[in-house]
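**Student:** What follows is each chain in one-letter form.
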Amino acid sequence: MAITREQVEHVARLAHLALTDEELDRFGEQLGAILEAVGKVSELDLTDVEPTSHPLDLVNVWREDEPQPSLPREEALANAPETEDGFFKVPPAVGPEPDL
Amino acid sequence: MTVDTLRLTAEDAMRLVERGEVSSRELWEAYRAAIDERDGELHCYLTLTGEPEGDGVPIALKDVIGTKGVETTAGSKILKGYVPVYDSTVAARVKEAGLPLLGKTNTDEFAMGSSTENSAFGPSHNPWDPTRVPGGSGGGSAAAVAAGLAPWALGSDTGGSIKQPAALCGIVGLRPTYGTVSRYGIVAFASSLDQVGPTTKTVRDCALLYRVIAGRDPMDSTTADAPPVDLPEAEDLKGVRVGVPRELNEAEGIEPGVREAVERAIELCRTLGAEVGETSLPRSVDYGLSCYYLIAPAEASSNLARYDGVRYGLRVTDGGYHGMVERTRDEGFGDEPKRRIMLGAYALSAGYYEAFYGQAQKVRTVIADEHRAAFESFDVLVSPTSPTVAFALGAKAQDPLAMYLSDLLTIPSCMAGLPGLNIPCGLSDGLPVGLQLVGPQFSENTLFRVGHALERALDFDYVPERLR
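Residue numbers (my numbering), protein chains in the order written: chain B, 48 to 147; chain S, 18 to 485.
Hint data in this document are derived by calculation from the structure and do not stem from the laboratory.
Everything hinted at is true.
For lysine-lysine, the following DSS-like pairs were computed, each having C-alpha atoms within a straight-line distance of at most 30 Å:
#	chain 1	residue 1	chain 2	residue 2
1	S	K85	B	K136
2	B	K136	S	K97
3	S	K112	S	K94
4	S	K94	B	K136
5	B	K87	S	K379
6	S	K85	S	K97
7	S	K85	S	K112
8	S	K112	S	K97
Just chain B, with the same shape it has in the complex:
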């Protein structure tokens, strides 16, 4: 199953990856081969089979609704590339959105 270059670009954009032209070509080819292999799942007629999303039958695991200590702010920020006044700092996020 081949995947077109446009599809690879679209998926890269969905995944927030700014790929180079070389990467788009290489990954396109590899993804095509992998998708062809994994597409094998469609051979089976599983109309009446329930999907499994989790291997254990755990339903609604509750705990008492009691406040617990959380990380102090300075620790939560300790690994951040950039902070200011106790906040994570990021470059300007306003402006044109990437085209999805």
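Dock chain S against chain B, hints included.
**Tutor:** Same frame as chain B, but now just chain S:
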């Protein structure tokens, strides 16, 4: 006294410390000396710790396991320099048990791989033959234990990352039942599959370490209570029903030397008193790999969305916020995470969701049902762990699909959330062959019993021949 780190089991080390024949610190120093001597060649460790803390037998942790104050990279450039401000639950349990940390071991980036060649910091090497891979993703932990650079270690397993490297390095590895060990503080790959487990020299060491880490954790709501761990004693297999799934034992690509060693081990089960019979998992092997390579990447694409250059890890600036996120991810992730993120995003995208991800989830049900049916007649299923012995570095690095086949035999039971134990069962061309034992959920004690009896009878020497 001199500590022979190549041969000493963790259980014996524990006994030496209890009797006061060697101190915990002396043990730690003996392993550090072995690391200084051999890790230049093998590259099992990414980070070494400065000072031992604890009074027990030291341990190594795979670098996906978050350790407070100790760099945790998951083998990725995007997490280089990340120093967790809290301990994962397993790291905390190991600490409470008094086991001093030797260091953090190498892994394929985000545990994605079967050889450690996807580590951003260079591959580890197999102690039996350093021109070959140790397996992956937990190749660093497995090679460290096999080469006497740690008495025992913890790894993580999504589709075979504990069992397959244990097989390729000739040691014991347990992927526990899904949910028996907390994942709190572990770098997530595929959350419906990820599991933490021990890598050790013997089955009894494995049971001892599993006892330390197993159990429900309020910080991880996917955990379940595990039955108390029994240290295996019995040396026979009387009353045990051993199933040999045809497809797992006759799959294309199983090397003749691997098949022979596994057949001898199966024969030995009979000699030890087990009832041995053939069984079948017709669709688990045929469709397991495809199922896994849809579900795991889909979950990975979601889990790895958190690496955005905002809260931790690498940031590459490029104009505004969106440019920063995209540049950071392009420069921070290696090829394998990028491939899997894109594969997952594709499988989850509008128009393809039902055909790929939805269908894979149904295949997962089929795989679980097939195993359940087999366990109506058998207590444990046996097969090779890896179709091949350790392969040469570089042999599969350029061909993702060939690499994926390394996990053909470990993946089906992972999809069903079942525990699996690897024990070494012989050599093929001078390289270890691994036997995989799979049981129903929460059957770790049965796996330990069968593994221990076989280990005694096989008498495999886990010290790599070139280091004896």
